Amino acid sequence: MEAALSAPAEVSVDTRGASLDTRDASTRRLAELPFDPRDERTIDGTARWMGMLGRFQVLAGALVLLVAVGVVVAWTFAAVTAPEIESDTTPPLVRLGEVSTTQLGWALGAVVFVGLLVLRGGVLLTDAAEDLEHHIHASDDAAPYLEDALDSLAKAFFIDATLLGLAGGALVWLGSLS
Amino acid sequence: MTELAPQRRARRPEDDATAPFSLERTSSRPPAMDAPGEESSVGGAAEHVERSAEHVERAVERAGHGPHQGLEDALDDHDGVVHLVSRRSDPSGRVSLEPPRDWAHEPAPVEDHAPEEPSVLDAPPAEHGIAGDGIAHDETPGAAASVDHGAARRSEPDTRRLDRAGVRATRFLTTALAVDALVLLTLASMTLARLRYEAAGAPDLLVGLVALVLALPCLLGAISLFRMARRGSSATTDAHRFAQGIGHLRAIFVIKATVLFATLGLGCFAFSLVASLLAVL
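Residue numbers (our numbering), protein chains in the order written: chain Y, 245 to 422; chain L, 7 to 287.
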């Protein structure tokens, strides 16, 4: 046992099925950071809000996709069963004006893209929150929960930056139109 | 020989088995202990015990996870001097409490029935450890061991660097936060710049302010994580900076979750309202 303690390198077991890896003894993993209870409470609270936002984002993304699918279905149904003569008693609820099918397709594609981004961001946030909570509450040190959480969180923030950039671009475009 | 990585702080059964100790968290000595002749008096000890009980109750209430968690939190949260009051039960079931020895600046009385154990008080002060903070431990071997594993963990200054995976993950998140903050600041400057030319309305002002408010925690989190990813800090400092960086992001999540919840709720309410109106008409 003493020989193992005095060894220059230590071997950690990856419980997720990876093989044994040899690490330098002069480095430490993120999981080995000695969080005091106050830090753990901070991370735990952040993880809870993160998970909540992730679930809301999943709901919002699913709703956007559902609306897009509904619009496509309604458009297809209306195109198939389009009345040649518009009735005077039951006017259409929505008039799109001079909109071509191509423009509507681009708009629907943009909506679906944004919905998928929101959905993916929500899934990543939920994953990151679960990894953070697992790191805080579990006593297992071997699995890289913290690294995975940071990775998922970074991807979620990149998606967030993409969405914000799209929103800014849309604002500029609408401003130039008006 | 396979050596597992050092275990993080975890609840162990032996902790619970040796848990019945009390905590005193104070920064000043009690008046009853000032006079050297009175430190062993019953009145001074009783006053000290009462104050100890109040502190322990407060620690338990603050932690909210049961007495063991509260005591351990109070132990770990110490900012000044943390004192343990040993509580031992004799065979008759009576519980005796005694003040910590370092207040009286005299060695502990040697008891006839128990062998003298080396106390943590005798150890030299450590950098981040509890051993140098003046904790008087119970002389019973079980209690000493239960407190000792935490003290030994903290007394070793860990100056190792983060490994490559940790640095890569931290820098990845730092970059993402910086990019997000940059986009938010650009959005805020775009909308607020329109105010200068009086071309913006209330929605633009709202968007600009929200973007500015969201950009600030992003920047703070990125700075904390960037400082953590740099080399040359101790493990305790790194852990604190990491928690600080993650904690800064909580404001973003709170604001976004609230706004998204309100949007979803209002959207669903409006949808149901329109659907019911259409059904009626």
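If you're looking for bench data, these hints aren't it; they were derived computationally from the structure. Since this is a predicted model, take the numbers as computed values, not measurements. Glycine included, C-beta positions come from ideal geometry on N, C-alpha and C. Just to be clear, a hint being listed does not mean it is correct.
Derived contacts from chain Y toward chain L, CB cut-off under 7 Å, selection only [claimed, not checked]: (1) F279; (2) D288; (3) A304; (4) V308; (5) F401; (6) G412.
Covered by chain L, according to a simulated footprint, are these stretches of chain Y (three or more residues, beta-carbon under 8 Å) [unchecked claim]: (7) 293–301; (8) 387–394.
Practice item. Using Cβ atoms only, decide whether G412 of chain Y comes closer than 7 Å to chain L, and label the hint accordingly. Key: holds, 5 Å
Review point. Hey, does the V308 of chain Y contact hint survive, CB to chain L under 7 Å?
Key: violated, 10 Å
Practice item. Go check the region 387–394 of chain Y versus chain L for me, would you? Three or more residues, Cβ under 8 Å, otherwise it fails. Key: holds (count 4)
**Study point:** chain L contact restraint on D288 of chain Y - CB to CB distance below 7 Å
**Key:** Since the shortest Cβ distance to chain L is 10 Å, the answer is violated.
Exercise for review: Using Cβ atoms only, decide whether F401 of chain Y comes closer than 7 Å to chain L, and label the hint accordingly.
Suggested key: holds, 4 Å
Point to revise | Status of the F279 of chain Y interface restraint (C-beta, 7 Å, chain L) | key: This interface hint holds because 5 Å falls under the 7 Å limit.
Check your understanding: Once the shortest beta carbon distance from A304 of chain Y to chain L is found, is it less than 7 Å?
Key -> With Cβ-Cβ at 6 Å, under 7 Å, it holds.
Point to revise | Coverage criterion applied to the region 293–301 of chain Y (partner chain L; beta-carbon cut 8 Å; 3 residues) | key: Result for this restraint: holds, n = 6.
Hint violations for this structure: numbers 2 and 4, all remaining hints satisfied.
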